[in-house]
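K.L.:
Chains A and B, in that order, are what the protein sequence lines are. First residue of the first sequence: 1, per this note's numbering; consecutive thereafter. First residue of the second sequence: 1, per this note's numbering; consecutive thereafter.
The hints are simulated quantities; they were obtained by calculation from the structure and are not laboratory data. Virtual Cβ for every residue (Gly too), placed ideally from N, Cα, C. Possibly wrong hints are sitting among the right ones.
[Unchecked claim] Below, in silico cross-link-like pairs of lysine to aspartate or glutamate (DMTMM-like), each with a Cα-Cα straight-line distance of 20 Å or less:
1. 57(B) x 66(A)
2. 100(A) x 83(A)
3. 42(A) x 7(B)
4. 42(A) x 86(B)
5. 100(A) x 83(B)
6. 2(A) x 83(A)
7. 100(A) x 52(B)
[To be verified] Which chain B residues stay away from chain A? Per the calculated CB distances, all over 12 Å, these:
8. 56
9. 71
10. 72
11. 81
12. 86
13. 95
14. 115
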Amino acid sequence: QKEVEQDPGPLSVPEGAIVSLNCTYSNSAFQYFMWYRQYSRKGPELLMYTYSSGNKEDGRFTAQVDKSSKYISLFIRDSQPSDSATYLCAMTPMGTSYGKLTFGQGTILTVHP
Amino acid sequence: DTGVSQDPRHKITKRGQNVTFRCDPISEHNRLYWYRQTLGQGPEFLTYFQNEAQLEKSRLLSDRFSAERPKGSFSTLEIQRTEQGDSAMYLCASSPYGQGRDTQYFGPGTRLTVL
């Protein structure tokens, strides 16, 4: 079983929809959580970085962390065709292995006009 | 700040050949990471450096793989005696560890195809 599970989709939504992306994890050592966006044949681009359980909002993006359930989410409001990409969750523990990111498989999102 | 750069962007090689990739991090970022990403999967951690010291290597990094960061600036990743299973995107990232928010910035990757 992988340490981080992410539904690969693909997910197809109409423009303007609210998108919900999710990851579950099994390693309770993970304390820092990130969401990256990756366009085809490009490197991942950081969208959100969170530590605490709860919600963090940045523009149209909201990251949610529930450490008790080992579950994180990314919500995209008013989705745009330019949001079409692969979304990767990533996480890392504290301490000596901090920075060693473990990624989910990635969810392919298509927002159609 | 020009971002993380990687060279080459694409490499096609024959099985058994050696290949070397270069990563130039964002200037003054003291941490540099290497990841490997295969089609349809998320990146997998390979190794990382803090300045010139290599702090951790993944079990994925067999003895055919070696990475260096000789002066704490750019890094190279060498694969000896390439195998078809080495075909993947090799991603480099850097971060300003200990200087505030430690987030990793990724380069565009080097896509390796082993024939």
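K.L.:
Compare the distance between the alpha carbons of residue 100(A) and residue 83(B) with 20 Å, and conclude whether the hinted pair is satisfied.
P.N.:
With a Cα-Cα distance of about 25 Å, the restraint between residue 100(A) and residue 83(B) is violated, given a limit of 20 Å.
K.L.:
Is the nearest Cβ of chain A still more than 12 Å from the Cβ of residue 81(B)?
P.N.:
27 Å, holds
K.L.:
Hey, residue 42(A) versus residue 7(B), does the alpha-carbon distance stay inside 20 Å?
P.N.:
Between residue 42(A) and residue 7(B) the Cα gap is close to 14 Å, so the pair holds against 20 Å.
K.L.:
Would you mind confirming whether the straight-line C-alpha gap from residue 100(A) to residue 83(A) stays at or under 20 Å?
P.N.:
Distance ~27 Å between residue 100(A) and residue 83(A) Cα, so the pair is violated.
K.L.:
Within 20 Å, alpha carbon to alpha carbon, are residue 100(A) and residue 52(B)?
P.N.:
17 Å, holds
K.L.:
Holds or violated: residue 57(B) and residue 66(A), Cα atoms, limit 20 Å.
P.N.:
Answer violated: residue 57(B) to residue 66(A) is near 30 Å, above 20 Å.
K.L.:
Does residue 56(B) clear chain A by more than 12 Å, comparing its Cβ with all Cβ atoms of that chain?
P.N.:
6 Å, violated
K.L.:
Verify that the Cβ of residue 115(B) lies farther than 12 Å from every Cβ atom of chain A, and report whether the claim holds or is violated.
P.N.:
20 Å, holds
K.L.:
Holds or violated: are the alpha carbons of residue 42(A) and residue 86(B) at most 20 Å from each other?
P.N.:
19 Å, holds
K.L.:
Closest CB-CB distance from residue 71(B) to chain A, is it above 12 Å?
P.N.:
Non-interface label on residue 71(B) holds, nearest chain A Cβ at 21 Å vs cutoff 12 Å.
K.L.:
For residue 86(B), is the shortest beta carbon distance to chain A beyond 12 Å?
P.N.:
Its Cβ never comes within 12 Å of chain A, the nearest being 18 Å, so this holds.
K.L.:
Compare the distance between the alpha carbons of residue 2(A) and residue 83(A) with 20 Å, and conclude whether the hinted pair is satisfied.
P.N.:
Answer violated: residue 2(A) to residue 83(A) is near 27 Å, above 20 Å.
Going through the hint list in order, the structure does not satisfy hints 1, 2, 5, 6, 8, 13.
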